[in-house]
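Q: This is what each chain is made of:
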Amino acid sequence: MLDLAKSRWHPIAAAHDLPLRHVFHGQLLGREFAVWRADDGYVNIWENRCLHRGVRLSIGINDGRELKCQYHGWRYSNRTAGCTYIPAHPADAPARTITNRTFAAVERYGLVWSAEEPQGEVPEVAGFAEGELLALRAIPVNAPADVVAARLTGYRFQPSGYIDGSAAKVAVEASNAFSVALRSSEADASTLAVFFVQPVDSNRSVIRGVLDGEVEGAARLAVLRHHNELLSRLRVAVEAEAAREPAPAPLEPIIERVSPELAEMPEETTHGRKATIRVQVARKWPAADGIAGFELRPIKGLLPTFQPGAHIDVHLPNGLIRQYSITNGPGESDSYVIGVKLERDSKGGSTCLHETVREGDVLAISEPRNNFPLRRDALQTLFIAGGIGITPLLAMAQALNNQSLNHELHYFAQNEAQLAFPEKTSTLGASLKPHLGLTPEQTGAQLREILSGYGPDKHVYLCGPGPMLEAARSIAAEMGWPETAVHFEYFKNTNVIDDSTSFEVALARSCMTLTVPAGKTILEVMRDAGIDMPSSCEQGACGTCLATVIEGEPDHQDVYLNDAERKSGTKIMTCVSRAKSARLVLDL
Amino acid sequence: MSIAALCSDRVLLNDWHVIADLTNLSAHEPFQTRLLGVDLTVYCRGRYNKEVVRNDTGALVNATKRYGFLWACLGKPERDIVFVPEAEEEDRYLLTGGSIAVKVSGLRTVENFLDMGHFPFVHTGWLGEEPHTEVAPYKVELTAADELVATECKFYQPVASPTAKEGFVVDYIYKVIRPYTVALYKSNPVQKERLDVITLFVQPVDEENCVAHPFLCYLKDGSDEAGIRNFMQLIFAQDKPILENQLPRRLPLDPRAETPIRADAVAVLYRRWLRDKSVTYGAIPARM
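Residue numbers (UniProt numbering), protein chains in the order written: chain D, 1 to 588; chain E, 1 to 288.
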């Protein structure tokens, strides 16, 4: 019978068990749940253990957007249960697939419902009107659910409108192993009561009763007390009955194993430029002068977990593929919000989004990828955004703001009307520092001021137009900022790519040697040879197609690597960079 | 599997385990404890003699005293009690740190003792503090003596020890000596070139319960015994509620049961080392 129970919906909590920022410990068929409501109202039902060391998440911290494990501070996102941050490795983006097990959640009749492998819908109760019901106090009982349900068919109570009477007639309207519907009538008063029996474990249950009709004030208290007393009496009787039988063995829920690649600290997964997700433009609006905001909602299921700094590839109706940073704050996981600046003289990506794509349109996007990860172990973090460069930094600033970590967001723009996403930036309070209408010289002076006073445990993140980034990077270097503390992301690579050379590439792990002719990239030649290599912008800006160099001298033509990384000669962006030596050996 | 399942791991049955802090034993009242699922009674016969008796058979159990603890071996002792060289040094306090019962497998307790990543979250303001959360790469190796040693461990600690006056980056060495015995060496805040040593003898009460018996060898310079004990108990009291909320309570040896990160290099090797030694008591064995 308990096998059948797996496919059915059961109540596991009352809606009022999930007050603001609380984590509720639930249980169904021996399996523990951490149940929490995010500030946006979404109810999360998760396996009650952190994937890292098995610590119960029901003792974790609900910050309204994410759930944080008490043991090592791992953060899991609202909705997706994907891990967004691992404090022990602040410079790494967590592998996207570290995702806790989630269970279905539906709120109905003042109760929260879940199921291990749900089939069909939450039971429909004829005569129950949502919002006009009274949920009774949950009564735990040490007895199997079917024994409790059988006993409930004999439950006798007064209708809510005639609570002081004693002659009510009670009829069983329906019953099965997990619920009993009873109607009590006396004089002209009549109340429908449905009792759902939650099978907590083989020998433990919770009775969750719901009455039709709202009752207010003192009458409500009298009704609650009436059922409390009667149900408590029933509990004593059921427990005495159950104690006569040998207790069944407790259920042992199977805890799923993590995927094999998570058993080792994983390398980034390899895949080509694939758009595996379909989203609908739920909203398109002017986010600032010349900048359109797009809210992208999944057609089905949940969007993958993203981390601040992550971007997606958007496959456009005109065949172009463009990269946009996700601007969302932590826990805002029901859609991705991107900002697109209109660039009339470009190849037509932004024009297409501005002029052709409308609300309701479906777009194909890639999974989010994070090549611009945010450390959260700095004593102070500076964000310096130029124009549309605000987008990744906005996501980062919201993440630090949510954790009350010290940061400043310096936002350079021509004028106030060009400051994008005011509804998001306004939540940052005093940490937002706009710098408006500055000439290049004034911008330089301002950057000098912002970047003065480098100290250990300070980090700066830059995103904006190329010339501004160049200026900021050289000023930071002058002011004593080490390269490891200066993080940047270019929109695009404006270097003129020299692809006239020809050389050999040996792939050490694939045992393959390829010739890269003039006019073709390493990436293209590898793809032609059947090597599945991830890529995104394919112009040397985003960092997705990074490979490790074992031997040979790279000819760097990208804008992703910093000077130290270039000099080390151990990394190469395979989409634009080439070889100065006759041969390169890559760790692929 | 029932909690009182008996142990069949020879490596544990034929080893010595701490079963009591001698200062906790009374001449007037027999002391009840449990080792590897076997209930034991300790009787004090006169001032120095202790007798350890199995409650199930009434048989006498091998017992001896060392480092302020009473030790027992249920089988035939195959090797001596762990030798702690620092206990021979004149300028150290040798202290027992209080016997702390924890409702979790002793192997989980050992693994927690090897873990630096939790300092800022569990020992906030003492052994760690946000945002200093990074666990830098360290070295782990299996020695010729079949011990696991982690070296070059560094962590920023606001109050690293009972005598610390300010935060500093503390150097650690960890050593797993036996399945249920682990030691920690950390820089002394006064004599920074010397190391204080904590050896944690974990008593496997049964598969899902243990008692942690810390043995502290601290330099006397600038510290006092009560302060050292107090600090140890403060730190352990912070660990206990976390350990008691680990699911499952036994340590899973299947590499796919949990998700390790680079900071867990020593824990990953510890689990592998236990698998190689066929230690199953307190563990969930890996599927073949």
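Hints were generated in silico from the structure; no laboratory data involved.
Built from N, CA and C at the ideal position, the CB exists for glycine as well.
Be aware that one or more of the hints could be misleading.
Here are the in silico distance ranges between beta carbons for each label pair [as the list claims (entries may be wrong)]:
hint	chain 1	residue 1	chain 2	residue 2	range
1	D	Leu4	E	Leu247	51 to 57 Å
2	E	Ala59	D	Ala240	39 to 45 Å
3	D	Glu239	E	Arg47	49 to 55 Å
4	E	Phe83	D	Leu4	56 to 62 Å
Q: None of the hints should be skipped; say for each whether it holds.
A: Against the structure, the hints come out as follows:
One distance hint, 51 to 57 Å for the beta-carbon pair leucine 4 (chain D) and leucine 247 (chain E), is violated here, with the actual separation near 26 Å. Between alanine 59 (chain E) and alanine 240 (chain D) the beta carbons are some 42 Å apart, a value that agrees with the proposed interval 39 to 45 Å. A hinted range of 49 to 55 Å holds for the C-beta pair glutamate 239 (chain D) and arginine 47 (chain E), which are about 52 Å apart. Distance hint check: the CB atoms of phenylalanine 83 (chain E) and leucine 4 (chain D) are about 59 Å apart, consistent with the given range 56 to 62 Å.
When held up to the earlier numbered hints, the structure conflicts with hint 1 and nothing else.
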